[in-house]
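Q: If you read the sequences in order, they're chains G and L.
Heads up: the first sequence runs through residues 1 to 542, numbered per UniProt numbering.
Heads up: the second sequence runs through residues 1 to 542, numbered per UniProt numbering.
Take the hints with a grain of salt, since some may be wrong.
DSS-like mimics (lysine-lysine), calculated; alpha carbons at most 25 Å apart, straight line [what the hints assert, rightly or not]: (1) Lys80/G - Lys115/L; (2) Lys102/L - Lys289/G; (3) Lys289/L - Lys324/L; (4) Lys80/G - Lys289/L; (5) Lys187/G - Lys40/G; (6) Lys289/G - Lys115/L; (7) Lys344/L - Lys398/L; (8) Lys397/G - Lys385/G; (9) Lys493/G - Lys356/G; (10) Lys385/L - Lys398/L; (11) Lys289/L - Lys76/G; (12) Lys80/L - Lys115/G; (13) Lys344/G - Lys356/G; (14) Lys535/G - Lys510/G; (15) Lys115/G - Lys115/L; (16) Lys289/G - Lys80/L; (17) Lys289/L - Lys102/G.
It is worth saying that the hints were derived from the structure and are not from the lab.
There are 2 protein chains.
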Amino acid sequence: MLLLTFMVICLVNHVNAQDVYAPYRQNWLKKAEQYKPVLKETVKQPFGIVKLEKDASAFQGWKTVSAGGMDQLYNKPFNKGTSGIVVDFGEHMTGYCTFTLKTLRSDMDAPLRLKLTFGEVPAELATPFDPYPGGLSRAWLQDETVTVSVLPATITIPRRLASRYVKIEWLGSSSNFEFGFSDIQFKATTSVSITPPALAAGTPQIIKDIDRVGSNTLKECMQTVYEDGPKRDRRLWIGDLYLESLANQYSFKNDGLTKRCLYLLAGLANDDGILNANAFEEPVPHAQKSRLLDYCYLFNVALKEYVTATGDVETGKDLWPVAKKQLDIAKMYAGADGMMDYQKAEREWWVFFDWKDGLDKQIPLQGITIYALNQTYALAKLLGKENEVAEIPAITKKLKEAAHKNLYDKKTGVFVSGTNKQVSYGGQAWMVLSGVATKAEAQKALKTLPSLPDAVRPGAPYMFHYYVAALIESGLKAEAKEAVTTYWGGMVKKGADTFWEVYDPADEFKSPYNFFPVNSYCHAWSCTPVYFIRKYPEIFQQ
Amino acid sequence: MLLLTFMVICLVNHVNAQDVYAPYRQNWLKKAEQYKPVLKETVKQPFGIVKLEKDASAFQGWKTVSAGGMDQLYNKPFNKGTSGIVVDFGEHMTGYCTFTLKTLRSDMDAPLRLKLTFGEVPAELATPFDPYPGGLSRAWLQDETVTVSVLPATITIPRRLASRYVKIEWLGSSSNFEFGFSDIQFKATTSVSITPPALAAGTPQIIKDIDRVGSNTLKECMQTVYEDGPKRDRRLWIGDLYLESLANQYSFKNDGLTKRCLYLLAGLANDDGILNANAFEEPVPHAQKSRLLDYCYLFNVALKEYVTATGDVETGKDLWPVAKKQLDIAKMYAGADGMMDYQKAEREWWVFFDWKDGLDKQIPLQGITIYALNQTYALAKLLGKENEVAEIPAITKKLKEAAHKNLYDKKTGVFVSGTNKQVSYGGQAWMVLSGVATKAEAQKALKTLPSLPDAVRPGAPYMFHYYVAALIESGLKAEAKEAVTTYWGGMVKKGADTFWEVYDPADEFKSPYNFFPVNSYCHAWSCTPVYFIRKYPEIFQQ
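Please work from the sequences and hints to get the whole structure.
A: Following this line, the structure appears as C-alpha cells:
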C-alpha cells in the first residue's frame with residue numbers, strides 16, 4: 001500500500017524532544033542489519049514469445065497466446081516490423097533484466113533506441129501509459145528507454161523490475177544494418193531458500209493452485225525486507241509484514257527476515273515511541289513519517305506471533321518497549337464510556353483498514369484496539385511482563401462491553417458502525433476477532449452479511465484476510481473455504497501468477513490510484529491463503 | 001556525413017582473395033593505436049537558465065533569452081510546474097553530463113522520472129522529435145529518459161553527448177515529497193591541448209568570430225579520431241579528416257591525431273587495397289564497408305599535406321602503398337579519350353562531392369581525379385617515389401586536355417557538366433583546383449557564376465570549402481574573403497557556437513535527412529575557415 005492523497009499528521013519531533021528509545025535504538029538497527037539476508041539469485045530464461053490479444057473474457061480484457069519459441073526473437077533482425085514482440089518468462093520474477101544485442105548484417109552506423117516495458121499482467125503491456133492519469137508517480141510504471149551506441153552490447157536495465165513479460169519496441173536504428181537479440185534473461189532475487197512441503201494428497205486442485213500462487217507472491221515479496229510489492233512501493237509496511245510473517249511461518253520459515261523487519265521498524269520509530277507505518281532500506285534505513293493507527297497495533301500482533309512461533313523470547317523482550325508504547329494509542333482515544341473516539345483518531349491519524357471508499361472506521365477501530373490489547377497481553381505473558389500491563393484486561397473488558405452495547409444491532413444480528421449505522425464485512429470481522437461477538441453472534445453476523453446488499457464489502461485482499469480469519473474464528477469452516485476458493489480462486493482462474501494488490505471480482509480495473517496498470521499484481525497482503533491453507537489443513541486440505 | 005539511401009557497391013572480398021596490404025596492415029593498426037590521444041577532460045559548469053522563445057528572425061525560428069542564474073534550478077523543487085527548464089552552458093561541449101538530485105522535503109516514496117534533451121541549437125529543444133520523420137536513426141537525437149529510485153543520486157547519462165543546452169522535463173514523481181537539482185555539469189573531452197595564436201591585431205571582428213567558431217568546431221570534433229560530428233556520425237570520414245587536418249595544421253597542431261587517423265584508415269582498407277570512406281573505433285577499430293570514390297582520392301591529398309607540414313617522410317613511406325593503390329580508380333575509369341567515365345563510376349561507387357540533389361558529377365569527378373593525380377605525384381616526389389608513378393604526368397596531361405576540350409564552354413566562360421551541360425559552383429571549383437582552367441579562365445568562370453541563376457550552388461559547407469579554395473587559387477582574394485564572411489559569417493550572425501553540417505542561407509531547415517534536428521550543428525567539414533584565415537593572413541587578417 002502507499003499513501004496517496006491522505007495527508008499524514010506528523011507530530012513534530014522537536015529537536016530537543018527526548019528519544020524514548022534512546023537506550024535501544026542503535027542496538028535495534030544493528031540487529032536489523034545483522035539479520036539482513038543475502039539474496040538468492042537465480043538466472044531465469046524466457047519461456048517463449050507471446051502475442052497480446054484482446055479478449056473480453058480475459059482478465060482486464062487482454063490475454064496472451066503463444067507465438068513460438070525464443071527463436072522467433074533471437075538472432076532475427078529486430079526492426080520496426082518486429083517491434084512490439086512480447087517475451088514471456090512463464091512466471092513472475094523480481095530482479096534484473098539483461099539482454100545482448102548483436103549486429104546481424106552490415107555495420108552499425110548509428111545508435112539504436114529501444115523501449116522495454118515490463119509487465120506483471122498482460123493488460124499492463126497493452127494499455128498506453130501516457131498521458132498518465134494515475135495518482136502515484138508515473139515512474140512506478142516499468143517502461144525504460146535505452147540508447148545503445150556500440151554493438152555487441154550486453155545491457156542490464158539498472159532498476160530492479162518485477163514482471164513476467166517484457167515487451168520490446170523498436171524506436172529507431174539505422175536502416176543500413178540489422179541487429180538482433182540474444183540471451184534475454186532475468187537475475188531473479190528472493191530471500192526464500194526452501195520449498196514448503198507439499199499439501200496433503202487429497203487437497204482440491206484449486207486450493208493447491210491458490211497455495212502455489214500465494215507462495216509465489218510471498219516469495220517474490222521476500223527480499224531484504226518483507227516488501228509489500230516488488231513492483232510498486234517495494235518497502236516494508238507493518239500491515240504487510242504482519243500477513244507475510246504469518247504466511248512465512250507456515251511455508252518458508254525464514255524467521256530471520258521477520259526478526260530483521262521487527263527490529264528495523266523499531267529502530268526507525270519516532271522519538272515519541274510511535275512506530276512509522278513503513279520503512280525504506282536505501283540509501284540508508286529510514287522511515288517514511290507515517291502514523292498509521294491500525295498498523296501500530298499490528299506490530300504488536302506480529303511480534304507476538306513471531307515469539308510464539310519461534311520461542312525467541314530474547315527478541316520479544318528486546319522489542320517489548322515498542323509494543324508497550326503502541327498501547328498509548330488505545331489509552332489516548334478510549335473514552336470513559338469505553339468507546340474509542342474514532343472521529344478524533346481519524347483527524348489525528350491515518351486510520352486505514354482497507355482500500356475502500358466510505359468504509360466507516362468506528363467498528364474496525366474499536367475491534368482492532370481490543371484485539372491488539374488482547375494480543376499484547378498474550379505477548380506480555382510470553383515474556384513474563386504481564387505486570388507491566390496489568391491494566392489491559394480491565395481496559396479490554398470495558399471496550400468489549402461498550403462495543404457490544406453500542407454497536408451490536410440485535411434485531412438484524414450484525415454490528416453497525418458510525419452515525420449512519422454502516423454494516424460492513426470488515427466491521428463484522430473485527431468484532432469477531434476482538435471477541436466482542438459471541439460465537440453465535442459471530443456466526444449470525446457473518447452469515448447475515450451476504451443477504452445485505454448494502455453491506456460494505458472488502459475493497460482489497462488485505463481486508464479479505466481479516467474476513468476469512470473471522471470466519472475461521474467463528475467456526476464457519478465451509479464458509480472460510482468457500483471465501484478463499486471464490487476470492488483468491490477467482491484470481492487464479494483469471495490467470496494470476498501472483499496475487500494482486502487490488503481485486504474486486506466486479507471491477508477488474510479498480511485502482512486506488514486511478515490507473516489500473518500502476519496497481520501491484522504481486523502484493524504481499526494477498527498471500528495469506530498460504531497461511532490459512534497450511535495452518536488449517538482440516539478446513540482446506542481435504 | 002552519413003550514407004543515407006545510397007547503396008554502397010561492395011566488391012565482395014572472397015575468402016581466398018589476397019590481402020594486398022597483408023605485409024603492412026597489422027603494423028598500421030598498431031601505429032594507429034600508438035598515436036591514440038589521451039583525451040583532455042574539463043569539467044564545465046552551466047552558465048544559467050534560459051527560456052526558449054519563438055522568434056521568426058532567429059535561426060530556425062527559436063532563440064533563447066536569459067531566465068536567471070542556476071539558483072533558478074538548484075535546490076528548488078522540481079516538478080510538473082518547473083518542467084521544461086533549459087540549462088545553458090554557454091558553449092558547445094562534447095562529453096558526459098552528470099547531475100545530482102536531492103530530496104528537499106519529506107520522504108521519497110516513489111521513483112521519479114525525468115527526460116533530458118541535449119541540444120546544440122535552440123530549435124532542437126523546441127521541436128518535438130516524435131513521430132520521427134527523419135531518414136537516419138531516431139536514436140541520434142539526444143533525449144534520454146531516466147528513472148531514479150533512490151535519492152540522493154548522482155547520475156551520469158551513459159551516452160556521450162554533444163550540446164550546449166540541456167532541457168529538463170518532469171515525467172513523474174510522488175506528490176508526497178519534493179526533490180531538486182544540484183551540480184549539473186559536463187565532463188567535456190577533446191584531444192586539443194593548445195590554444196592557437198591570436199589573429200593579427202587588425203583582423204576584422206567578423207573574421208575573428210569566424211575563426212573562433214571554426215576553432216571550436218574543430219576542437220569539438222577532435223576526439224580520439226577526427227570525428228565528422230560529435231553529435232551525429234561521430235566517426236572518422238576521409239573527407240572530414242582531410243579538411244580537419246588542414247585546419248589543424250594552422251591551429252592546434254596535433255599532428256599525432258592526423259597520423260593516427262591516416263594509419264587507421266590504411267589499416268582498415270579493403271583487401272583489394274581500396275580505402276573505406278569511414279571507420280569506427282568501437283568496439284574494436286573497424287571500417288564501415290563504404291567505397292566513396294572522391295574520398296579515396298582525398299586520402300592521398302591529406303597524406304601529402306601531412307608529410308609536407310610535418311616532414312614525417314617515414315609515415316609517408318609507410319602509407320605510400322595505399323596512396324598508390326587509390327590511383328587505380330583513375331586508371332579504371334579514364335577512357336582512351338581522356339575523359340572519366342563518370343556514369344560507370346556512379347554505377348559502381350558512391351560518388352559524393354556534396355549534399356546537393358541533382359549535382360552533376362562529371363566535372364567534379366574529372367577535376368578531382370586530375371587534382372588527386374597531381375597531389376599524389378607531389379607526394380611521390382616528397383618520398384622519392386616518383387619512379388613508381390612515372391606515368392602520372394602523362395595521364396594528368398591527357399585528362400586535363402580532354403577536360404578543357406569537352407567541358408569548357410568558351411562562349412559563356414564556364415565549365416559545363418554532363419548531358420544537360422549543368423553549370424555548378426562545385427564543377428568550376430574542381431576545374432580550377434585541378435588546373436584545367438587557366439588563371440584567366442578560372443577568374444572568368446568563378447566571377448560569372450553569381451550572374452547565372454541556374455548555377456547549382458554548394459549544398460553544404462563541405463563543397464563551399466572547395467569553392468573558396470578555388471577562389472584563392474585563382475587569385476580572387478576579395479571574393480574569397482567575401483565568400484567566407486558571407487557564408488560562415490552568416491552562421492556566426494545567426495548565433496552559431498560551432499559551424500553546422502548543413503547551411504543554406506535560404507533554407508534554415510534544410511536537412512539531407514528530412515528532419516533538421518538530426519542535422520549536426522558542430523560539423524568538422526565546416527571548420528575550414530580556420531585554415532583559410534590562418535594560412536592566408538594577407539587575405540583575411542586585414
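Q: Now look at each hint and say whether the structure bears it out.
A: Structure-based check of all given hints:
1. Lys80/G - Lys115/L: Holds: lysine 80/G and lysine 115/L sit about 23 Å apart, inside 25 Å.
2. Lys102/L - Lys289/G: OK: lysine 102/L and lysine 289/G at ~18 Å, within 25 Å.
3. Lys289/L - Lys324/L: Holds - the C-alpha atoms of lysine 324/L and lysine 289/L are around 20 Å apart, at most 25 Å.
4. Lys80/G - Lys289/L: Roughly 24 Å between the alpha carbons, so the hint for lysine 80/G and lysine 289/L holds.
5. Lys187/G - Lys40/G: holds, 10 Å
6. Lys289/G - Lys115/L: The given pair, whose Cα atoms are some 29 Å apart, is violated under the 25 Å limit.
7. Lys344/L - Lys398/L: holds, 19 Å
8. Lys397/G - Lys385/G: holds, 20 Å
9. Lys493/G - Lys356/G: Status holds; Cα separation ~24 Å.
10. Lys385/L - Lys398/L: holds, 22 Å
11. Lys289/L - Lys76/G: holds, 22 Å
12. Lys80/L - Lys115/G: holds, 23 Å
13. Lys344/G - Lys356/G: holds, 20 Å
14. Lys535/G - Lys510/G: Distance of about 31 Å is beyond 25 Å: violated.
15. Lys115/G - Lys115/L: Distance of about 14 Å is within 25 Å: holds.
16. Lys289/G - Lys80/L: holds, 24 Å
17. Lys289/L - Lys102/G: Distance of about 18 Å is within 25 Å: holds.
In summary, the structure is inconsistent with hints 6 and 14 from the numbered list given earlier, while agreeing with the others.
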